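S.K.: Listed below are the residues making up each chain.
Number of protein chains: 4
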Amino acid sequence: MQRNRFLGDMLSTLFDRTIKMRGTDDKRDIFKLCDALLSAEGEVSGLKLAATVLDRYRELDREEKTAFFAYMNDAFDIDAAAVSRLAADYATAPTTQGFKDLSKAAEPKRQELLRRLNQPAGATADLVAMRVDLIDILRDHPELARTNHDFVHLLRSWFNRGFLVLKAINWDTPARILDKIVAYEAVHQINDWDDLRRRLYPPDRRCFAFFHPAMPDEPLIFVEVALTKEIPDSVTKLLSEGRTPLEGDDAKVAVFYSISNCQKGLTGISFGNLLIKQVVSELSLAFPQLQDFVTLSPIPGLNRWLATQTEDEDHGYIATAILEHRAEPRDIEAMAARYLLTAKREDGMPVDPVARFHLGNGAEVYDIHAQADISPNGLAQSSGAMVNYLYDLTLTEQHHEEFALKSIVKAAKPAKSLSTAPLSPKPKDPTS
Amino acid sequence: MQRNRFLGDMLSTLFDRTIKMRGTDDKRDIFKLCDALLSAEGEVSGLKLAATVLDRYRELDREEKTAFFAYMNDAFDIDAAAVSRLAADYATAPTTQGFKDLSKAAEPKRQELLRRLNQPAGATADLVAMRVDLIDILRDHPELARTNHDFVHLLRSWFNRGFLVLKAINWDTPARILDKIVAYEAVHQINDWDDLRRRLYPPDRRCFAFFHPAMPDEPLIFVEVALTKEIPDSVTKLLSEGRTPLEGDDAKVAVFYSISNCQKGLTGISFGNLLIKQVVSELSLAFPQLQDFVTLSPIPGLNRWLATQTEDEDHGYIATAILEHRAEPRDIEAMAARYLLTAKREDGMPVDPVARFHLGNGAEVYDIHAQADISPNGLAQSSGAMVNYLYDLTLTEQHHEEFALKSIVKAAKPAKSLSTAPLSPKPKDPTS
Amino acid sequence: MQRNRFLGDMLSTLFDRTIKMRGTDDKRDIFKLCDALLSAEGEVSGLKLAATVLDRYRELDREEKTAFFAYMNDAFDIDAAAVSRLAADYATAPTTQGFKDLSKAAEPKRQELLRRLNQPAGATADLVAMRVDLIDILRDHPELARTNHDFVHLLRSWFNRGFLVLKAINWDTPARILDKIVAYEAVHQINDWDDLRRRLYPPDRRCFAFFHPAMPDEPLIFVEVALTKEIPDSVTKLLSEGRTPLEGDDAKVAVFYSISNCQKGLTGISFGNLLIKQVVSELSLAFPQLQDFVTLSPIPGLNRWLATQTEDEDHGYIATAILEHRAEPRDIEAMAARYLLTAKREDGMPVDPVARFHLGNGAEVYDIHAQADISPNGLAQSSGAMVNYLYDLTLTEQHHEEFALKSIVKAAKPAKSLSTAPLSPKPKDPTS
Amino acid sequence: MQRNRFLGDMLSTLFDRTIKMRGTDDKRDIFKLCDALLSAEGEVSGLKLAATVLDRYRELDREEKTAFFAYMNDAFDIDAAAVSRLAADYATAPTTQGFKDLSKAAEPKRQELLRRLNQPAGATADLVAMRVDLIDILRDHPELARTNHDFVHLLRSWFNRGFLVLKAINWDTPARILDKIVAYEAVHQINDWDDLRRRLYPPDRRCFAFFHPAMPDEPLIFVEVALTKEIPDSVTKLLSEGRTPLEGDDAKVAVFYSISNCQKGLTGISFGNLLIKQVVSELSLAFPQLQDFVTLSPIPGLNRWLATQTEDEDHGYIATAILEHRAEPRDIEAMAARYLLTAKREDGMPVDPVARFHLGNGAEVYDIHAQADISPNGLAQSSGAMVNYLYDLTLTEQHHEEFALKSIVKAAKPAKSLSTAPLSPKPKDPTS
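Chains as they are written, first to last, in my numbering: chain A, 27 to 458; chain B, 27 to 458; chain C, 27 to 458; chain D, 27 to 458.
Hints in this document: simulated from the structure, not taken from any laboratory.
One should not assume that every hint holds.
All copies of an identical chain are treated as equivalent in the list; a pair is satisfied when it fits inside any one copy or across any two copies.
The calculated SDA-like cross-link candidates involving lysine to any residue, where the alpha carbons are at most 20 Å apart (straight line), are [as the list claims (entries may be wrong)]:
hint	residue 1	residue 2
1	206	227
2	130	186
3	130	107
4	126	137
5	130	178
6	452	335
7	126	167
8	130	120
9	255	308
10	74	430
11	126	182
12	74	182
13	53	421
14	74	303
15	74	427
16	135	124
17	135	178
18	126	102
19	91	52
20	126	294
21	74	185
22	130	103
All values derive from a computational prediction rather than experimental measurement.
Chain A with its partners taken away, still in its complex shape (with noise of 0.2 Å):
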């Protein structure tokens, strides 16, 4: 325990560092002040120089950071007929030197440039913001892709799995962090410090988020867990003001209700694998009674994918009349566990985001609810139904692989017999 103090003592030292790295007032362009980052002018006054580049990032305008990503993507590109030649020596010679050699062209200076840029204290949440701003930019700019694809390289380096922290957010964390909790929760919106507090405060609600070191006051992606007595069939209700919390000690099911991204600079850098493990981990080591994790998922692809089946032959007044809102449940069920089991893109993998995200960490699909989330946007993109998929980790090793070598989605029996139910038979045409 002391010991967690001692680290704790380290960061917070870390936190001070943060808030005094300023720049200088250096008169160079960006431009110039990049190129002097580079040079060995930069080894000493390295720090200044970085924390300098970044004051004057931010105080860009759109068109001016256009200028600026564009600076880095050919300024400090590679010299491929360099790297070409120093290739071909090094198969024919293959010394050490010639491998560094090597090594050092065919890294895009750019990538060293970012490194020295992430000297000073606090400068990963800059660089974490100036991919924000390079992503929407890479729109109308699809030739910036290859800085994007540098960025990338090293923003998966820095926020290797290792160095990230997993952390209980409840009641007693700070007010700072619990704003961003507000503002970064992406399924289902927590309204008001009321709405949070009955999230985070009743004992059968918990809450885990990722953090990293160098970013203390930035959830990367959090998890919202409601701890419940059977696999729930609504999320409304599992919402719902008026209910009377469980004692965590009675809770059956571990509920992942909510799971939020946090860092759009962070997009093709994936936490949430690795958050709903860890989470399974310590929920398990609390309360060891618990007996499955599941999800209460959207079905985000639904009704889209139901609108191209109007005209199936089999199922087609089904779809239409699950999209009109006149369909029984049992319908409603019965076609989602069909879009969920069976509906493929090209490459043979589900259609349904969620699903992929979900079968790809070795869940399966346990059981689909309709009015299971009749808010305005569930009854939009699902109508209302929804999906528990389940986290058995003795087995979600073998079912990725399965999943992802051979695109095989697991179900259990509940998703299965729904899929193969009969569904209700087409009306008789009333205008005959």
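With the hints as your guide, set chains B, C and D onto chain A.
M.R.: Relative to chain A, chains B, C and D alone:
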């Protein structure tokens, strides 16, 4: 303040994970495990696989480790022919896909292997320890330099300055860390806890270390500081037991009398420059009345150099006298000043390695003292002479530039005077 | 710093214990349990017995609580005859044993009972809550004043200033504590978390609270501070939403605009004086450029007093005009100054309770402002007028002495001028 | 967890204040200062006055301290005649005011003085140190026992069990605290840090201490624990250097082999009972497989008692043999068992002080071992014999009752058997 606590909490979690992550009893050999870790299989089961590889590695003997590094070096090297071809393609048509393909091909697969090995909690310390082995094996297997080069590349990125945490080391530091300080002190040996207490407890003593969040129990580098009234001329006096401690507020000078690198596995990644400057900042803040920041440094190359000067017409007799420990203090100082200010390598840099370090940081040679370190080691390497380097943060950048670009050695008046001071006259030949 | 962490660790343990200590299901009634706790039996099983009494007490209804206090009051009172006898003996022969016997007899046994009840972790909060009940019951049962007197005696000893801990309350404070701040704010109501954020988050706002280590979740008292450029004349402006926050370093004045006692159970034990002075010290240290420390305080007794002055020959017409909200600001200020500086109780002390508090702390009446608090409450109690009390720590002791011993009300020039300023002339009788 | 940090933060503030509060250079003598502190003057300026008295006290020599205590004893005693009169009044007419007057008169004013002295940060440690002086002076000035009685009364209230904090002491504890552990160890001396490391670092060693929030650097009492496979029969073996440490999870027995009170100034206020029980609880939670909680305790009174038995007809020859270190182990154990189980004081309590402590806590005598402590001290006091007392938390209350009320000494089978075991026959008179 409260905010920092939150950070602290984060790291404590990190630490807990450090303890828990252990590998499985996967029966495959370490080569197969590495292959698996690099394959698609790795995505989900990566953490466990990586932990297993690290567990397995720890049990290898030297020969097996050599084989392991050889496998990294050869099996996970680049395909130079492919790189050459892809680079040529990209030179012709610089497409995004071409760039990505080239980037991927040009990075040795062992880099990705190392990144994946770094995923489990606590893995960073394992990789640093692995590099210690590699450095050792490298002497007999210079062909492994490629692998070493990739280790350095990644460690430099992970041990980026922005991730380092400065910590005061004092009598409130956990014993676990203090044990490390005793073990790692490289300049003036710490004999026991009473000796350690004399370095940390008195109000005129300070110690600071850098840590990395992923290796919270391991200092990376530390510096010991004495607060004094005057620039000191003897480390023996500075560390004497009987000394009456000064109150911090009465100090005028901060003396860096010992800097120790702790991690052999991080050889080639330099922290000393940053540490000294950050400690100067911290001390300036805490004790605004401080006027000078100096070192009291060894001159490790002095006697070695003097041994090459014994035949010199002008000062050979003095060099001999110094080496025979029968020279006047004044002459020792004069010759040491000549050595530090004028003895150069072929590349124009000073011969003395400690001088290169401090001058490279932008310090200047301030003053030189004979009889400053009369320990056996001090007498052997420099006949007891030591030197003060002076850090003036308003000048370090300029000094650094001039030193780096033009090899100019900056010296203050006392050192300059010594370097031109007349030497004692050559004694009459007693045999004549 | 490290040192502090160790302390921190201590308290965290305290907290864990707080959670765990629960009573047993001993079937005896609460009176018997109290008897047992006071008996020799208590020595070993005391903790559990005490926890059981506290558990049992919480389940009592008001009538049963009254009986419980009556039992404390009567069964555990002193044996006055014995005390008288022992005191007479001691007066004659002042032996050590005589002193001990007398001491023991003269202390009501309920004091020892309360001390023993205070042994389990978390018990202190229970006893403070018990006192809340007692204060309530006391109104109908004045005979319980003896028990109340002993409660105060012990609570004052336990909540000794030396045990109190000053804490900054800000946006990094846990939500759990912030909830309490919202609930306890007594002067200017906090409506919701957005309102709270406006009080805590901006750089020109501060809040400080006292805590006791044995009740770590409960603030005892807190003060809200605004940093401003000038001594403020309106709390409405001070708290306005649109305000541009000042940087702390630009502030010249620290304004204590709200002080709230949180624990009704600690009524009679005063923390405000110490809190203000300690906060003045902390702020002086953090912002050395601060020149004035003032309050912006309500004048709760003004209108009540004016109502007694309507028949006054000199200023009755003004009093009436103020009460009817048709007076000139200038007249309101002048009359408020007269009230604060001259309206006295029979004992010579000022009529106004807030004035008594601040003058008793050694502050002086500095200035008075009409239209400073135009909330319904502000208009009702003082027709919108507020007052600045000034804290000059170099003078508070002297002021306090003169106030305490000679009832001298210190006032600065602005207040003094107002108190002697000519009032608006009496309007001609409109009916004549 | 987060919550605890908040508490931590609190105490760290406390600590900061500890450092800062210093007295003034008020020129009055310490008696006048005490008078002032007790007067109305004290109300506002109390903190500074108290700090000044404490500063001044520290500079007194022994004679002056004696005078200081004499002043407390006489000038601030009760007015017994007044108490007698007020008590008589209250006996006649038990009014609230009468009660208050009596309460006030019956409490020596020095109690209020001590409470006021306790107000500045850090004062509690000063008062505990003051009591150390008082205890010393008391031997020559028994009349000061009244003052001592009041010290104990207040210290007992302030060091209430509910305020104590249990802390694990281990290799992550700050060196500052470990220094104290070395200094205060009273049973088995700790020679140096290597020795300390052997007590704290191995996985089968634990140490716990009580702290008080107002004296965070000072342990009050600590216990050292060894985790073993079997109930140990020798402290020499238990502490041997060469020992292979056990993994905590393999332990079956927790052995309390050393308990040390640290604060002489808290003599008369007992923490050991609570400490042992709380540590039993903590260890049970951490290592559910633990079966027995025993001490390995000295028998300090054995040889002293044996010396009174040398003339005894039945076992005098054995007593003599033991004292002359020529007895069989078996006989030593048998006689030690007789001593512990049957040697009583006049009041029926065991002669042995350590036995009284553990039996009073509700432990039982479990087993006795000769040659268990062969240190000079162990041989001198008990000819090397030691005893295991067994703590079974389900029985301690019952045992305590029977011991406290009926002086019944509980013993387990091994100890009972030893106490009735036949002794070696008396050797034939060798001279005959």
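S.K.: Give a verdict on every hint.
M.R.: Checked hints:
{"no.": "1", "hint": "206 <-> 227", "result": "both (17 Å within a copy, 14 Å between copies)"}
{"no.": "2", "hint": "130 <-> 186", "result": "between (23 Å within a copy, 18 Å between copies)"}
{"no.": "3", "hint": "130 <-> 107", "result": "both (14 Å within a copy, 17 Å between copies)"}
{"no.": "4", "hint": "126 <-> 137", "result": "both (16 Å within a copy, 14 Å between copies)"}
{"no.": "5", "hint": "130 <-> 178", "result": "both (19 Å within a copy, 13 Å between copies)"}
{"no.": "6", "hint": "452 <-> 335", "result": "within (15 Å within a copy, 89 Å between copies)"}
{"no.": "7", "hint": "126 <-> 167", "result": "between (33 Å within a copy, 17 Å between copies)"}
{"no.": "8", "hint": "130 <-> 120", "result": "both (15 Å within a copy, 19 Å between copies)"}
{"no.": "9", "hint": "255 <-> 308", "result": "within (19 Å within a copy, 31 Å between copies)"}
{"no.": "10", "hint": "74 <-> 430", "result": "between (46 Å within a copy, 18 Å between copies)"}
{"no.": "11", "hint": "126 <-> 182", "result": "between (23 Å within a copy, 15 Å between copies)"}
{"no.": "12", "hint": "74 <-> 182", "result": "between (25 Å within a copy, 19 Å between copies)"}
{"no.": "13", "hint": "53 <-> 421", "result": "between (60 Å within a copy, 19 Å between copies)"}
{"no.": "14", "hint": "74 <-> 303", "result": "between (41 Å within a copy, 12 Å between copies)"}
{"no.": "15", "hint": "74 <-> 427", "result": "between (48 Å within a copy, 15 Å between copies)"}
{"no.": "16", "hint": "135 <-> 124", "result": "both (18 Å within a copy, 17 Å between copies)"}
{"no.": "17", "hint": "135 <-> 178", "result": "both (15 Å within a copy, 17 Å between copies)"}
{"no.": "18", "hint": "126 <-> 102", "result": "both (19 Å within a copy, 15 Å between copies)"}
{"no.": "19", "hint": "91 <-> 52", "result": "within (19 Å within a copy, 50 Å between copies)"}
{"no.": "20", "hint": "126 <-> 294", "result": "between (29 Å within a copy, 15 Å between copies)"}
{"no.": "21", "hint": "74 <-> 185", "result": "between (24 Å within a copy, 18 Å between copies)"}
{"no.": "22", "hint": "130 <-> 103", "result": "both (12 Å within a copy, 15 Å between copies)"}
Going down the numbered hints, you'll see the structure goes against none, and every one checks out.
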